[in-house]
Amino acid sequence: MLKLLRQIAVTGIVTEPPPRPDPTLRLVEQRLKSEVLALFTGSLAIRHVDAGSCNGCELEIHMLTTPHYNLEGLGIRFVASPRHADLLLVTGPVSRNMETALRRTYDAVPDPKLVVAVGDCGCSGGVFGESYASCGRVSNVVPVDVAVPGCPPTPTALMQGILSAITGRARG
Amino acid sequence: MSPPSAFESLRLEATPLRAALPAWHARAGVERLREIAVGVAAKGGRLAALWGADERDRGEGFALHLALVVDDATLWLAVPLPPERPEYPDLTDVFAGANRMQRAAYDLVGIRSTAADQRPWLRHAAWPADIYPLRRNFGLESWYGNDVEQYRFVPVAGEGVHEIPVGPVHAGTIEPGHFRFSIVGEKVLRLEERLGYTHKAVDKLFERRDLVGGATLAGRISGDSTVANAWAYAMAVEGLAGFAPPARALWLRALALERERVANHLGDLGYLGNDGGLAFGLAQFMRLKEEWLRLNGTLFGHRYLMDFVIPGGVERNIGRHGCDEVAAQCAAIALEVGRLRDVYDDHAGLQDRFLTCGHLAPELARQLGVVGLAARASGLPLDARLAPGFEPYDRLDVAMKTHSAGDVAARVAVRFDELFESLRLLQAIVEGMPLGEIATPFNTVGGRGRGLGRVEGWRGEVVIALESDDGMIRRCHAHDPSWQNWPALEHAVIGNIVPDFPLINKSFNLSYSGHDL
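The listed protein sequences correspond, in order, to chains A and B. Residue numbering for the first sequence follows the numbering used here, beginning at 1 and increasing consecutively. Residue numbering for the second sequence follows the numbering used here, beginning at 1 and increasing consecutively.
Worth flagging that the hints you see were computed from the coordinates, not collected in a lab. Mixed in with the good hints, there may be bad ones.
Stated by the list, open to error - Residues of chain B placed beyond 10 Å of chain A at every Cβ, according to the derived structure:
#1 His-124
#2 Glu-175
#3 Gly-301
Unchecked claim - Reference listing, derived: stretches of chain A covered by chain B, where coverage requires no fewer than 3 residues with Cβ under 8 Å from a Cβ of chain B:
#4 21–31
#5 93–101
#6 145–151
#7 157–166
Glycine included, every Cβ here is placed at the ideal spot set by N, Cα and C.
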């Protein structure tokens, strides 16, 4: 136990400041009113869905909750069920064998909800494209608010994408 | 080079393949298939991969292909099958791991084994049962409406038995797959896996690419094993084209492969602590992993080393300064991991979760043909890095790490031991790396070509079998070690309680994408 406590004390805090939101990552204008976004700020629940990725994007999504990035420190956390989620973080390409599961997961998220597509494959289909086995980009299957390119995108880019999804002004 | 005695006794006309690891190619009629399989198994050999091909456009019907490994030598066996009735005898009684590979070969190519289990495996409902995507007259962009899939799980009956379906969307941030648990009380009576959810036409996509262009796709078969796959692919291309990369490139590949191994072991050791209830372990190991990935980004231009290995060599050099940084980081990480191992070993609660949990007995592991890290944790001494003459590993005196217990604790121990060994190897690599070019210019090859790659990734051995036609890929089959190890997970969970499944699953940490292709 002493070794454990000593290690914690020696390590200290390694968390770095978060990136700023980037409006250019948006595919569509903010759909949510500022009152709703205000509720999300400091308390956003994310459900991740691997809709057919190579697992590269998942490795970087894992890093979001690690000490350097500490996404939970911003009040953003990953939840186990889509029914508890405000935002879907979807990696692609969407395989045909995951198409139905992704649609059902999307339907299970209560409104108002947001979708962030992750990685070159999630944004465009990437090297896999569209085929007998692949629907290609995530927005071919469910509506997408923000798309984060990269193969895989860095944790900082992912944080930026998530923060961009919960900022911006709704039209009208 | 003469084939090993194990192959000679099979009475085959084996021709040596130009490859970095010893490999031979042979053809045999389907009537001899079982006799050869039994002969290989009797010599202690194993089935490393099984796939199919459509050769009707060449007037050669279909083909069943097997990669059989005996004593570090690979035999690529091609078995022609008649076009009107492409059928071959079931091999599951000889090699248990053949079951799913045979089913996948049927789903994709339409060659059928005589096995009793004819359920689809990679085919769910995206294309009809009488359509085979890897046939040469099938268009990549063909599109069929999604049907409703009715997969027949093996029913488990009896008093108090009930089922828990899990997935394909899991509770954590992991890849998609379905697990069907049959349980009594809290105990798992049976687990049946249903995979194939991430099937995305990898084999078919290869057919659109030339030999150089295949590398970027190979590097995206399984994101956590991009170096292993890219190296196996490059090895296949280089064997096919008959040239060797410069020595420095091979050492740089080993540098990348060991860095991939360390990155994955760091992450897994963190998650294993977390799944055992010690969140401290996750935070500490992921901090180390992040530092590791950052140096990757600085030196290789990519945190996961994608597209670093290319046919002919590697994409960029690591200079003297970079080598010093690697050596310094290895020394620092070794100290930190040493301290964390002390914490893990001393933590009674964690050890209570690890010990005896998810047991895979050595004899069962051998029967199932388990490979890689899981095999070594069940006492099987398998490591493709030890193949004779495999540069640069033949100069590095690799110490294979095994454990006989076969439980989660053993798989954790093997990860720790391999992590330290990889840190030692990395220091030896940056010290001993020869100077020189980092790539040999690659000239395309005309006519038919054939090459085989086999690389020990962090999870186990990756096999890539490649055939070309005038510089274009004709057929490229990528085999992930998870094919053999997924069935072992079904056995390892029997008798354990359901809440231990995530821990047991993580102790294997198998690939979905690499398996589903």
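Here is how each hint holds up against the structure:
With 10 Å as the threshold on Cβ separation, the claim that B/His-124 sits away from chain A is violated: the shortest Cβ distance comes to roughly 4 Å. For B/Glu-175, the non-interface assignment is contradicted: its Cβ lies about 5 Å from the closest Cβ of chain A, within the 10 Å cut-off. Look at B/Gly-301: its CB is around 12 Å from the nearest CB on chain A, clear of 10 Å, so calling it non-interface holds up. By the rule of at least three residues with a Cβ nearer than 8 Å to a Cβ of chain B, the coverage given for the region 21–31 of chain A is violated, with 0 such residues.
Figure legend: the region 93–101 of chain A, annotated as covered by chain B; annotation consistent (8 residues with Cβ-Cβ distances under 8 Å, at least 3 required). For the region 145–151 of chain A, the stated coverage by chain B is violated: 1 residues have a C-beta nearer than 8 Å to a C-beta of that chain, whereas at least 3 were required. With a cut-off of 8 Å between beta carbons, the region 157–166 of chain A has 0 residues touching chain B; three or more are needed, and the interface restraint is violated.
Consistency with the previously given hints fails for numbers 1, 2, 4, 6, 7, ordered from lowest to highest.
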